[in-house]
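Chains A and B supply the protein sequences, listed in that same order. The UniProt record's numbering applies: residue 1 is where the first sequence begins, and numbers increase by one. The UniProt record's numbering applies: residue 1 is where the second sequence begins, and numbers increase by one.
These aren't lab readings, by the way, just hints derived from the structure by calculation. Misleading hints may appear alongside valid ones.
[Said to hold, decoys possible] Chain B regions said to be covered by chain A (calculated; three or more residues, Cβ under 8 Å): (1) 90 to 96; (2) 109 to 118; (3) 133 to 142; (4) 159 to 170.
Note that the structure is a prediction, hence the values are computed from the model and not measured. Cβ coordinates follow ideal geometry from the N, Cα and C atoms, glycine included.
Below are the chains, spelled out letter by letter.
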Amino acid sequence: MTAPPSAPNARHDRQKATDMPDLLIELFSEEIPARMQGKAAADLKKLVTDGLVEAGLTYASAGAFSTPRRLALSVEGVLAASPAVKEERKGPKVGAPEQALAGFLRSTGLSEDQLEARDDKKGQVWFAVIDKPGRSAAEIVAEVLEQTVRNFPWPKSMRWGDGTLRWVRPLHSILCILSDEAGAEVVPLDIDGIKAGDTTHGHRFMASDAFSVTSFDDYATKLKRAKVVLDASERADHIWAEATNQAFAQGMEVVEDRGLLTEVAGLVEWPVVLLGKIEEQFLDLPPEVLKTSMKEHQKFFSVKNPKTGRIEQYVTVANIETADQGATILAGNGRVLSARLADAKFFWENDLRIAKAGMQPWVDALENVTFHNKLGSQKERIERIAALAREIAPSVGADPDLAEQAARVAKADLSSEMVYEFPELQGLMGRYYSDAAGLPVEVGAACEEHYSPLGPSDDVPTAPVSVSVALADKIDLLTGFWAIDEKPTGSKDPFALRRAALGVIRLVLENQIRIPLEGLIVRKFDQLAAFPIGLIVGGKGEGPSGLDDMVGQVSSDLLSFFHDRLKVFLKDKGIRHDIIDACIAMPNNDDLTLLVKRAEALSEALRTDDGENLIQGFKRANNILSAEEKKDGVSYELDPNIKFAEGDEEKVLFAALDTADAIIKPAMEQGKFAEAMHAMAQLRGPIDAFFEAVQVNDENQIVRRNRLCLLHRIRTICGGVADLTKIEG
Amino acid sequence: MAETLQKPRSFQEIIMRLQSYWAAKGCAVLQPYDMEVGAGTFHPATTLRALGPTPWSAAYVQPSRRPTDGRYGDSPNRWQHYYQYQVIIKPSPPDLQALYLGSLEAIGIDMKMHDIRFVEDDWESPTLGAWGLGWEVWCDGMEVSQFTYFQQVGGHDCKPVSGELTYGLERLAMYVLGFDDGNEMPFNDPDAPIPLTYGDVFREAEAQYARWNFDVADTDTLLQHFKDAEAECARILAQRADDPKTGRRIVMALPAYDQAIKASHVFNLLDARGVISVTERQAYIGRVRTLTVACADAFLQTAAGGYTPENAA
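Construct the entire structure; sequences and hints are all you get.
See below:
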């Protein structure tokens, strides 16, 4: 946020421009939700300044501010009035029919003697010159502010009392002044009975009386005196500095949480930081439980003891200074926290009992939890994930038994009391409970990690058991929703299927997993088709062949969804979409690791001069060949014979193709794409030289056919690397 | 802060102070509705009176029942039967926040010593087809009230808007009286010849109802009650407006609404018995909403709901 200029030179500038007043706006309301304040301040600034500029009022600088009860905007150096403009309009020809002239006069509001006759290409024409006088800043500000208030983009707004005006919560007053050296002037404005003025109120409890202000500096100063810190970032800085200081004095550390800090700064106008202790009996709860409970329910920061590594204290931020230095407030907060943590402890202890006995009741309970009405219960889904995790395990180097076992308990914590209370702890509690049950550590890790990666910046699990369950979880999700035809459309993706596909892609690529997805998907659909629910797979098919068609169709549709997500993913990594297309067109394109290696190698090769030019040579060869094949109605697929080669360039190409072929084929088979691409790029010289020297369509038909077959060899050899016809340019 | 009041000494004193405060502010102090409801909002004085243009101002205690919250009287802060204090004013006055804060002072909360905060909390009741915007009010980190500006009830836009305040009386009283275990707080004056705690009054009932709610209530009977209430509600609303006996126009929105309340409570009991699956749950909520929305439509056809022969559709 821009602070008002207070440096001497800024003052000096302002004095020079005496007709450049400053604008101050404050919209004072009941408490604005913390999460909306930042954007609302930015919106206020944008809407008002855009409106001013559009009406011809330029300004020097603007800054917007928010507190729980107010949005404020300071605009400096506004023009005192919009400039007068002359508008010229061309009318009918002089001597045109009277009606035409009358119409023109009506539309311009002028009389005939006010028009000017000017020479034009086709003789004399009437011109109207209309003076548009400038408008005062006050008039424009009033108009712009009213529009802004009436059309403010709140995520949710409301009416109150018997009015029709909408605001995020009831709007109580509007402060709107234009000020310069001569003083401040209220901008006349009345929005549904709320008259703009020059007064506002301080802190609700500490200084609630109204006071008037004459400028932004005056406003900010008086607010601070009335126990309101206007700038949210100043409040946040104060909270953080105070919190870390108080914690430091006790040998403690505040656990950083930017999101919470922003939120808390939006809940107070006068932050008062208080440090409290968590009761001893709760310190053994998992730190994540303490942190989540304090943050979600109480908006407390966690404070860690660096010596023990435990969370032992908390920071709460009050909105008031009290005679007892916050003792009553802290005691109250402490009681609420203890009651909450007593609940959490109760859940934790109950859960541990069930966990230690093997978690079976939780797994059974998932039978009654519907995952999706067409895809059955959570328990049925877990059965499918377990089977799939087992199948995937060998490809990722995991023990199939462990993978299956992990999949069976990975979602058991969804039935636990702790996760019911704190859904965001799912997975993590699973690990605690799996460990408590004495299950192998790999299983516990899979409980925690199988949801990952959730976002593009989330870490990808690497432990083999976690990877197999994570992949199985996501592939089951995707195949399931594809089977019932609930695919993402446009911006709608209620089941986060794009995220799941990206998760599969990142799991496969970052762990360098070699797994053909298509086979896996087809088998999944077969499994789903056997599932006694209303799936489109199998549902519409007539007999076994109909089912196979359907499975094939849905599988290839899902595979191309993966390819689309992959394109988006690789584009961010600097690989062009046409390069990916050229590689997707090749066989084994459902092996994503292979596909990406190919694309990376091709991308690298195309970055070289040889590679880029080879594409041109290849395209030329391919175009000529395709045209001739079409004309002749045959395919020139025979091996060309070197004995019909005439010039050196042709012979060299023969040799070069032999060399390239000998390298590319084995290199491709071994997945050595870079080597293959390099060999291919080496063809650039011979191919260019060949086209330079040789006419393909020789009069001698034998020579011509031989050359076309030679082109076919170029096509085949290059085509073995990637489908270069897809490359653009 | 006017003359600083002494701290209240009992649960009932808090209720009486709220009653006098809101009476002094001009509210009609009503009595609880004589049916089982899940929250004070279900009282027709709120749900139905929030509809239509007629001004309204009422305050009342509403005993409320949430069968799933039963803990056999063992929990320090959860009961299947508890009390809400409800204030509803239409149109919402511009100083409603100040009026509300005044009520906290009236029960002994000193604004200079406590941290009162209005924290975003949008209210929605799927069974009432209603929503509003407002806050939960925190006192020293504890939620002591809900504060809502009704935007829609029974699917109808609220014009004018009602302001609704709901105090959770047990929690508020525990805080004001300084008790961590609600059962231990004095119900009547602790110096009375026969002092009674909240637990003395309710612990026995909590145990009995918890057992009945969770394990004994006959689900077949309850399912039948639900269907009966649903059918009766629809039958009442299907009657023509003109009463053939008196010749007067009598739209029976209130008796129909009683059936909707009944269905809602039976649904809560069925839920506590654990016989409603996740998917069925939504369906039941939808059925109750259908009833309340129909009752809201009917209420708008009554004089209290703003009906006049002139504006009849």
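Hint check:
Figure legend: the region 90 to 96 of chain B, annotated as covered by chain A; annotation consistent (4 residues with Cβ-Cβ distances under 8 Å, at least 3 required). Coverage of the region 109 to 118 of chain B by chain A holds [criterion: at least 3 residues with CB-CB distance below 8 Å; count 8]. By the rule of at least three residues with a Cβ nearer than 8 Å to a Cβ of chain A, the coverage given for the region 133 to 142 of chain B holds, with 7 such residues. With 4 residues bearing a CB less than 8 Å from a CB of chain A, the region 159 to 170 of chain B meets the requirement of three and the coverage assertion stands.
Of the numbered hints listed earlier, not one is contradicted by the structure.
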